[in-house]
Amino acid sequence: GGWPKPEMLGRELGALTVGIVGLGNVGSALATRLLAFGSRVLYADIVERSFAGAERVPIEQLLTLADIVCVHVPLSQETHHLIDAEALRSMQRGSYLINASRGPVVDEMALTAALESGHLGGAGLDVFEQEPTPADNPLRRMDNVFLSPHVGGATAEAEARVLEVVSDNLTRVLDGEEPANVVNGVRLGARLRR
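Each residue of the sequence shown is one higher than the last, beginning at 41 in this note's numbering.
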């Protein structure tokens, strides 16, 4: 029972270029942490925004430059299979893909092929095209894939924040104000004042 140290040789975050697809709340929080470790941070986002220390680039460029690509976008018609076979082929050989957004943003069949061919070094997935992911999903048997069952945000602290936001929003609505964090673009406006 020795420790196989040569096989466990890793890379420091500060030596890596990390690409973030989607610089919303989660992507921004990730960028802050990566910059603290000295990583080069690239990001692609459809919203014009800047982030001190990070470089905004087109997604095509991000995919070719990043050692690790982290996906944090909502699911929509535009983002369904955003990371497809072509996108995966454009990633660096040996790079890693992390999807903590929505499962269908990544084409799992294409990801499986990219991993089986050795083009990608590995993947980390908290979400899947079908949840729960079937027992025969080939990603389940791969040694270079880390899977979690859509629990990336499941912490006691996150649950407490959700309750606080819901409580604050109920108070706002009862006071005739707009709720915070409207994500579907629908504003209540005059309906609140009836």
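Quick caveat, the hints were computed from the structure, so don't treat them as lab data.
All of these numbers come straight from a predicted model, not from anything done at the bench.
Please note that the accuracy of each hint is not assured.
To be verified - Simulated restraints on C-beta separations:
(1) 178 <-> 220: 38 to 44 Å
(2) 218 <-> 88: 20 to 26 Å
(3) 201 <-> 130: 32 to 38 Å
(4) 78 <-> 189: 30 to 36 Å
(5) 125 <-> 218: 21 to 27 Å
(6) 86 <-> 219: 39 to 45 Å
(7) 206 <-> 43: 45 to 51 Å
(8) 186 <-> 43: 29 to 35 Å
(9) 180 <-> 88: 37 to 43 Å
(10) 218 <-> 46: 56 to 62 Å
(11) 171 <-> 196: 20 to 26 Å
(12) 49 <-> 208: 43 to 49 Å
(13) 125 <-> 170: 28 to 34 Å
Where a beta carbon is used, it is the ideal one built from N, C-alpha and C, also for glycine.
Hint check:
| no. | hint | verdict |
| --- | --- | --- |
| 1 | 178 <-> 220: 38 to 44 Å | holds (42 Å) |
| 2 | 218 <-> 88: 20 to 26 Å | holds (23 Å) |
| 3 | 201 <-> 130: 32 to 38 Å | holds (36 Å) |
| 4 | 78 <-> 189: 30 to 36 Å | holds (32 Å) |
| 5 | 125 <-> 218: 21 to 27 Å | violated (42 Å) |
| 6 | 86 <-> 219: 39 to 45 Å | violated (24 Å) |
| 7 | 206 <-> 43: 45 to 51 Å | holds (47 Å) |
| 8 | 186 <-> 43: 29 to 35 Å | violated (20 Å) |
| 9 | 180 <-> 88: 37 to 43 Å | holds (39 Å) |
| 10 | 218 <-> 46: 56 to 62 Å | holds (58 Å) |
| 11 | 171 <-> 196: 20 to 26 Å | holds (22 Å) |
| 12 | 49 <-> 208: 43 to 49 Å | holds (47 Å) |
| 13 | 125 <-> 170: 28 to 34 Å | violated (19 Å) |
In the structure shown, a violation is registered for the earlier hints numbered 5, 6, 8, 13, in ascending order.
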